[in-house]
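K.L.:
Sequence:
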Amino acid sequence: IVREVAGENISERVTFYNQSYLNTYHSFMKIFQDQYPLMGNAPVMAAKIVWDWTIYWAITALLFFHDNKRFDPAWAATVQDELRQFDQLNRDMQFFFQQLRYKKMDLGTQCYFDFFSFSFLEVLYFGLEAKWDGEGLRRQLKDNLALLTSLVTSCKTKGTLPNRDGAFVFTA
Numbered sequence: 026i027v028r029e030v031a032g033e034n035i036s037e038r039v040t041f042y043n044q045s046y047l048n049t050y051h052s053f054m055k056i057f058q059d060q061y062p063l064m065g066n067a068p069v070m071a072a073k074i075v076w077d078w079t080i081y082w083a084i085t086a087l088l089f090f091h092d093n094k095r096f097d098p099a100w101a102a103t104v105q106d107e108l109r110q111f112d113q114l115n116r117d118m119q120f121f122f123q124q125l126r127y128k129k130m131d132l133g134t135q136c137y138f139d140f141f142s143f144s145f146l147e148v149l150y151f152g153l154e155a156k157w158d159g160e161g162l163r164r165q166l167k168d169n170l171a172l173l174t175s176l177v178t179s180c181k182t183k184g185t186l187p188n189r190d191g192a193f194v195f196t197a
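Residues in the sequence shown are numbered from 26 upward in steps of one, following my numbering.
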């Protein structure tokens, strides 16, 4: 409003913000849409929660905690490929989890699920306090995407997520 009142043409900025908010909305809807049946499959739901926390801390919160860079038109333009890659990884994983929703899984001896056994979650969470400049943030975003890509590979090829105990197995 301040920019428009000052006489600035804000049409490009409005288009950017609208598209950014819609992209964020659609990305997060994938986390919830048609996922209710997963709640009946404890191992898969646990893996999904780990994934959802990971993407939140690796990308969304990371950008928000750094001056909400996701909504900085100039900076966001430099990471469009990375943001598209993030969206694709999330879309693929949410679909992957959906495919497992009715598959019978056995928890075996894994009766207690320790979300804090995933050291990468701890690193991502405490990494939110880092004070990166634009270039440092861009590097961290790429590092986090590499982590997400490795988790996708582990989930899809082994049905596991690496943790302090070796791996959490969520598929039979």
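Calculated from the structure, these hints are not laboratory results. Keep in mind that a hint or two might mislead.
[Said to hold, decoys possible] The list that follows gives simulated cross-link-like pairs (lysine-lysine, DSSO-like), each with its CA atoms no further than 27 Å apart:
1. Lys55 / Lys94
2. Lys156 / Lys94
3. Lys55 / Lys129
4. Lys55 / Lys167
5. Lys167 / Lys129
6. Lys128 / Lys55
7. Lys94 / Lys183
8. Lys181 / Lys55
9. Lys129 / Lys183
10. Lys181 / Lys128
11. Lys181 / Lys94
12. Lys183 / Lys128
13. Lys167 / Lys181
14. Lys167 / Lys183
15. Lys156 / Lys167
[Said to hold, decoys possible] The following label-pair restraints were derived from C-beta to C-beta distances:
16. Thr103 / Tyr137: 38 to 48 Å
17. Glu29 / Phe140: 22 to 32 Å
18. Gly32 / Thr185: 50 to 60 Å
19. Asp190 / Pro98: 20 to 30 Å
20. Arg28 / Phe120: 17 to 27 Å
21. Gly32 / Pro98: 35 to 45 Å
None of these values were measured; they are calculated from a predicted model. A virtual CB, placed ideally from N, CA and C, is assigned to each residue, including glycine.
K.L.:
State for each hint whether it applies.
P.N.:
Going through the hints against the structure:
| no. | hint | verdict |
| --- | --- | --- |
| 1 | Lys55 / Lys94 | 22 Å, holds |
| 2 | Lys156 / Lys94 | 13 Å, holds |
| 3 | Lys55 / Lys129 | 23 Å, holds |
| 4 | Lys55 / Lys167 | 22 Å, holds |
| 5 | Lys167 / Lys129 | 36 Å, violated |
| 6 | Lys128 / Lys55 | 20 Å, holds |
| 7 | Lys94 / Lys183 | 35 Å, violated |
| 8 | Lys181 / Lys55 | 18 Å, holds |
| 9 | Lys129 / Lys183 | 17 Å, holds |
| 10 | Lys181 / Lys128 | 15 Å, holds |
| 11 | Lys181 / Lys94 | 31 Å, violated |
| 12 | Lys183 / Lys128 | 16 Å, holds |
| 13 | Lys167 / Lys181 | 21 Å, holds |
| 14 | Lys167 / Lys183 | 24 Å, holds |
| 15 | Lys156 / Lys167 | 16 Å, holds |
| 16 | Thr103 / Tyr137: 38 to 48 Å | 43 Å, holds |
| 17 | Glu29 / Phe140: 22 to 32 Å | 45 Å, violated |
| 18 | Gly32 / Thr185: 50 to 60 Å | 57 Å, holds |
| 19 | Asp190 / Pro98: 20 to 30 Å | 44 Å, violated |
| 20 | Arg28 / Phe120: 17 to 27 Å | 40 Å, violated |
| 21 | Gly32 / Pro98: 35 to 45 Å | 19 Å, violated |
Of the hints listed earlier, those the structure fails to meet are numbers 5, 7, 11, 17, 19, 20 and 21, in rising order.
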